[in-house]
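From first to last, the protein sequence lines stand for chains A and B. For the first sequence, position 157 (counting from the first letter as 1) is numbered 157 according to the working numbering, and the numbering increases by one without interruption. Throughout, the working numbering is defined as the position within the second sequence, counted from one, plus 1000.
None of these hints come from the bench; they were simulated from the model. Please note: incorrect hints may appear among the correct ones.
DMTMM-like, lysine to aspartate or glutamate: derived pairs with alpha carbons at most 25 Å apart [said to hold, decoys possible]:
(1) B:Lys-1059 / A:Glu-21
(2) B:Lys-1011 / B:Glu-1096
(3) B:Lys-1036 / B:Glu-1060
(4) A:Lys-14 / A:Asp-2
(5) B:Lys-1059 / A:Asp-26
(6) A:Lys-17 / B:Glu-1060
(7) B:Lys-1085 / A:Asp-26
(8) A:Lys-29 / A:Asp-57
(9) B:Lys-1046 / B:Asp-1004
(10) A:Lys-56 / B:Glu-1016
(11) B:Lys-1046 / A:Glu-6
(12) B:Lys-1011 / B:Glu-1094
(13) A:Lys-60 / B:Glu-1060
In silico contact screen, one side only, chain B against chain A (beta carbon under 7 Å); selected entries [what the hints assert, rightly or not]:
(14) Gly-1030
(15) Tyr-1031
(16) Arg-1077
(17) Lys-1078
Covered stretches of chain A, as calculated for chain B (at least 3 residues, CB under 8 Å) [unchecked claim]:
(18) 28 to 38
(19) 158 to 172
Computed from a prediction, not measured in an experiment: that's the story for all the values here. Every residue gets a Cβ at the ideal spot worked out from N, C-alpha and C, and that includes glycine.
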Amino acid sequence: MDKVLECYLQETRKYLKRIPEPGRTDIIKEIESEIYELQNAGRTPGEITNRLGNPKDLAKAYITGLLEEEKGFSFKKFMAVCAFYSAAGLSGMFIIPILGIIAPVFIAMGAVIPVLAFIKMADYIFNIGIPYMENVKVVLNGAEEANPVAGFLIAVVIGILLYLTGKGAWKLLVLYCKKTANIKRSISA
Amino acid sequence: MNVDGWKSQIKRGTLEFCIMLMISKRPHYGYEIINKLDTWAVLSAKESTIYPLLRRLLKEGYLSSFWQETTEGLPPRKYYSVTEKGSSYLKAMEYEWNNLLTAVNGIREV
Chain A
1 MDKVLECYLQ
11 ETRKYLKRIP
21 EPGRTDIIKE
31 IESEIYELQN
41 AGRTPGEITN
51 RLGNPKDLAK
61 AYITGLLEEE
71 KGFSFKKFMA
81 VCAFYSAAGL
91 SGMFIIPILG
101 IIAPVFIAMG
111 AVIPVLAFIK
121 MADYIFNIGI
131 PYMENVKVVL
141 NGAEEANPVA
151 GFLIAVVIGI
161 LLYLTGKGAW
171 KLLVLYCKKT
181 ANIKRSISA
Chain B
1001 MNVDGWKSQI
1011 KRGTLEFCIM
1021 LMISKRPHYG
1031 YEIINKLDTW
1041 AVLSAKESTI
1051 YPLLRRLLKE
1061 GYLSSFWQET
1071 TEGLPPRKYY
1081 SVTEKGSSYL
1091 KAMEYEWNNL
1101 LTAVNGIREV
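Produce the complete structure using the sequences and hints provided.
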């Protein structure tokens, strides 16, 4: 058999490790037989691997079918559910609150900081004398206060960074929830 | 307009029915099933659909399988045949299939 096709079978076998023997060997033997039929029909190795799809997806198609058939109670499934809730519960205890706080606060700060710096800059340029503005300042090197104009520019950059961090945290949170829901669905299917 | 989503939904259940029908006539091997389905564009399906489906039907006890040597110098083929449980499953599917057709036709005539 062609080297490419041999590699293909080996890869598929690797991805099928969740299926116990002798089922796994049987599956590989059947795919191998299919490959010979396709070759016999004049298909090139490239056409064959294309048709079968990548090894990971092919293996996944078998494994998904397997999960569906494992309905009802089994000790293995029970352990999988326990492991899932332990992991999801523990990680959720930290991940959800941390990301849940970071996301909105950072996004809000990303907006508030440049706005305050802008007001301070306007106050400085036009000498308006807005109260409490002495409390709004951008401090450099821990002591030196930046010029309000430069301060505004720095604040805009910081604001953008905070906004992006907040947005990222939000996306992570959504991703985390989706992933958890997907795993949940796959083990209780 | 995109009818593909709907098509794949109805195809899922229909394929199982067609494969069971095919195998109930005489034992078939995978490559043969895929080729036969390919004759009808609407039923054509890839290996990654058919083989896992066959495996599931096998696990559920509707099909049984046996390996048989070929006369063409190819490696042995895995043949599938319908078990007793499978033939009552098929009968139930045929009954439901007819119900469905009657219902659809009934609605179309209204």
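Verification of the supplied hints:
For the hint linking Lys-1059 (chain B) to Glu-21 (chain A), the alpha-carbon distance of about 14 Å falls within 25 Å, and the restraint holds. With a C-alpha separation of about 15 Å, the suggested pairing of Lys-1011 (chain B) with Glu-1096 (chain B) holds against the 25 Å cut-off. Pair hint Lys-1036 (chain B) plus Glu-1060 (chain B) holds up; C-alpha atoms about 24 Å apart against a cutoff of 25 Å. Distance restraint check for Lys-14 (chain A) and Asp-2 (chain A): the Cα-Cα separation of roughly 19 Å lies within the 25 Å cut-off, and the hinted pair is therefore satisfied.
Annotation: proposed proximity of Lys-1059 (chain B) to Asp-26 (chain A) holds, straight-line Cα distance about 13 Å (limit 25 Å). With a C-alpha separation of about 21 Å, the suggested pair Lys-17 (chain A) and Glu-1060 (chain B) falls inside the 25 Å cut-off, and the hint holds. Restraint check: the Cα-Cα separation between Lys-1085 (chain B) and Asp-26 (chain A) comes to about 23 Å, which is no more than 25 Å; the hinted pair holds. Distance hint between Lys-29 (chain A) and Asp-57 (chain A) is fulfilled; the C-alpha atoms sit about 18 Å from each other, no more than 25 Å.
For a cut-off of 25 Å, the pair hint linking Lys-1046 (chain B) to Asp-1004 (chain B) stands: about 16 Å separates their Cα positions. Taking the CA atoms of Lys-56 (chain A) and Glu-1016 (chain B), the gap is near 24 Å; set against the 25 Å cutoff, the hint holds. Simply put, Lys-1046 (chain B) and Glu-6 (chain A) have alpha-carbon atoms about 20 Å apart, close enough for the 25 Å limit, and the pair holds. For a cut-off of 25 Å, the pair hint linking Lys-1011 (chain B) to Glu-1094 (chain B) stands: about 16 Å separates their Cα positions.
A distance of roughly 19 Å separates the Cα atoms of Lys-60 (chain A) and Glu-1060 (chain B); the hinted pair therefore holds under the 25 Å criterion. The interface hint given for Gly-1030 (chain B) holds, since its Cβ lies 6 Å from the closest Cβ of chain A, which is under the 7 Å cut-off. The restraint placing Tyr-1031 (chain B) at the interface with chain A holds, with a minimum CB-CB distance near 4 Å, inside the 7 Å limit. With 7 Å as the threshold, the beta carbon of Arg-1077 (chain B) comes within range of chain A, its nearest partner Cβ sitting at about 6 Å, so the hint holds.
Satisfaction of the interface hint for Lys-1078 (chain B) is found here, the shortest Cβ-Cβ separation to chain A being roughly 5 Å, below the 7 Å cut-off. Counting residues of the segment 28 to 38 of chain A whose CB falls under 8 Å from any CB of chain B gives 9; the rule of at least 3 is met. A count of 0 residues in the segment 158 to 172 of chain A with a Cβ less than 8 Å from any Cβ of chain B is obtained; the coverage claim is therefore unmet, three being the minimum.
Violation of the numbered hints given earlier is confined to hint 19; every other hint is satisfied by the structure.
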